[in-house]
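**Student:** These are the residues of each chain, in order.
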Amino acid sequence: MRNFALRAQPHRNFLRMADPTPLIRLYPLGDAAVVLELGHSIAPATHQLLQALARLLDQSPPPGLREYVPAFTTLTVYYDPWELSQNSEVPPYEQVASYLQGLLPAAQAATVDYVPGPLVEIPVCYGGELGPDLAAVAQHTQLSEAEVIQLHSVAEYLVYMVGFAPGFPYLGGLDARLATPRRAVPRPLVPAGAVGIAGLQTGIYSLPTPGGWQLIGRTPRRLFDAGRAQPSLLQAGDRLRFVPISAAEFHRLNA
Amino acid sequence: MSIRVLKPGLLTTVQDLGRFGYQKTGLVISGALDAVALRTANLLVGNAENAAGLECTLRGPTLRFEADALLALTRADLAATINGQPVPRGRPVAVRAGAVLAFGAAPAAGRAWLAVAGGVAVPLVLGSRATYLRAALGGLNGRALQAGDALPVGEWSALSRRLFAQIAPAEAAGWAAAPWRTAVAPTPQPGAEVVVRALPGPEYAQFTPESQRAFGEEIFTVTTEADRMGCRLSGPALRRDSDTELLSSAVTFGTVQVPAGGHPIVLLADCQTTGGYPRLAQVIAADVGRLAQALPGTRLRFQLVAMAEAQALYLAQQQRLRDLTRAVDLKSLC
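Keeping their order, the protein sequence lines are chains C and G. Note that my numbering has the first sequence beginning at 1, numbered continuously upward. Note that my numbering has the second sequence beginning at 1, numbered continuously upward.
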């Protein structure tokens with residue numbers, strides 16, 4: 001266990017790494033969280049650096065760390081100011097910000113050997129009752145339904161982050177030809193497992209919820225299950241591919 | 001040992017201090033909306049601070065204790081009675097098997113917490129007993145209490161047993177309270193302001209000077225769109241200088257986010273883990289519990305403070321809870 005205090009130093013709020021890497025900022029989210037921000041663009045390189053930082057925090061969690069939340073370009077670290085104040089005169093926020101800044105060189109070095117996350121296959125029954133908007137997407141994109149399915153299931157997606165709802169993945173990698181606006185009137189209830197498209201995004205509903213995405217299919221996999229040791233099927237950094245299955249196969253797996 | 005639910009109250013849930021470690025997978029923390037209130041109640045009955053208790057909203061439940069129990073009530077005065085007699089808040093109360101705890105028509109709106117010695121011993125789900133209603137997870141079968149439920153009670157600590165023996169309620173009365181108490185914050189009167197201190201949020205600088213001024217000076221009112229996830233406020237509309245879309249990033253209990261309409265939403269314990277609205281401010285850790293009393297109609301005022309002050313206030317609050325821990329232990333030995 002490393003101690004924040006050992007690394008405590010007056011930290012700079014801004015530092016710039018060698019181009020073309022983004023501007024790095026550290027700022028507070030209240031008095032119990034620090035945000036490390038790497039620019040404002042969704043990019044695999046940014047994602048890899050955030051993942052490397054997360055791995056370092058997993059390997060040697062510093063005292064006072066409560067948890068961290070990776071997002072598209074930010075890593076937010078929640079800490080316990082009480083614990084950090086017990087052995088140091090340095091203000092808790094400064095301790096955590098300095099610690100994160102200190103981790104950056106090691107994280108940048110680690111991205112050189114970046115190992116892509118595991119590939120998770122998500123079986124999907126496209127169209128029909130389970131994908132009621134497939135026809136609308138085909139019409140909007142001027143593709144056949146078979147072409148929509150083909151383009152959607154041939155791509156490899158990256159799970160940039162998991163958030164909004166338990167187990168809900170934010171995916172990158174949708175073929176731009178499939179971009180379709182949200183439905184004009186959202187559905188009052190979208191079932192868990194529904195696979196949808198909204199603009200340039202594709203995703204999977206992890207809980208039954210109201211929603212306006214165009215639903216092109218449904219997976220029998222449970223994205224979130226509190227009964228599992230790791231309740232979320234997907235983690236930030238995973239790769240994902242959709243595998244078309246028949247309705248019969250869906251009902252067999254969903255039984 | 002168990003507690004029988006005769007009436008569930010308006011919205012009564014089992015809560016501990018929350019479910020930590022899963023926010024990176026989108027799972028919210030949940031837990032008591034006022035952690036200090038639950039911790040205080042737990043300390044008063046000799047529990048660990050994180051033991052599960054009941055969070056009562058506006059109208060509390062009616063409960064019959066099937067065995068002797070030691071309980072404590074904190075925060076809002078919801079007109080609690082045992083066997084028809086008013087019960088004080090902020091002290092350990094020993095009750096005999098068969099006693100009935102009920103709540104009246106509340107004189108002042110608010111939320112209150114009930115701790116029982118041993119804690120409410122529902123199963124741990126991912127390390128916590130907190131109820132998360134939206135995912136039907138934790139607590140008692142993932143839902144609010146219902147009439148007929150039996151709440152399991154855990155093992156009493158040695159401290160709980162000492163406190164009960166000291167109060168020693170007479171069989172005839174059915175209950176008695178300790179002769180000492182911890183300070184109970186006055187219950188907010190209807191129409192009274194709730195003041196919370198806040199730090200500027202990550203996107204604070206993007207708001208217009210007029211909106212920044214209004215946020216720190218004007219009064220906001222909690223609308224009827226208010227639950228454990230967050231509350232939408234009415235008041236002056238708050239605007240950003242820019243209308244650039246933001247990428248989703250972390251939000252937490254106490255984040256004040258402002259959707260395009262300009263009316264802020266204060267996020268509470270069941271809030272989502274990430275969001276894409278600009279974060280105008282973050283209520284300081286020492287004050288987030290006050291938001292538990294921000295029910296519809298409550299007038300809310302924000303006061304911006306500096307980081308050093310926020311952290312000092314939090315440390316002082318934590319010190320008071322540690323002082324209470326020692327004080328209860330000493331009282332039990334008197």
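Take the hints with a grain of salt, since some may be wrong.
Claimed, not checked - Some chain C residues close to chain G (C-beta under 10 Å, calculated; not the full set):
(1) A54
(2) S85
(3) N87
(4) Y114
(5) G117
(6) G167
(7) Y170
(8) L234
(9) H251
Bear in mind the hints are in silico, worked out from the structure with no lab data behind them. Model, not experiment: these values are computed from the prediction. Glycine included, C-beta positions come from ideal geometry on N, C-alpha and C.
**Student:** Hint numbers the structure violates, sorted upward?
**Tutor:** 3, 4, 5 and 9
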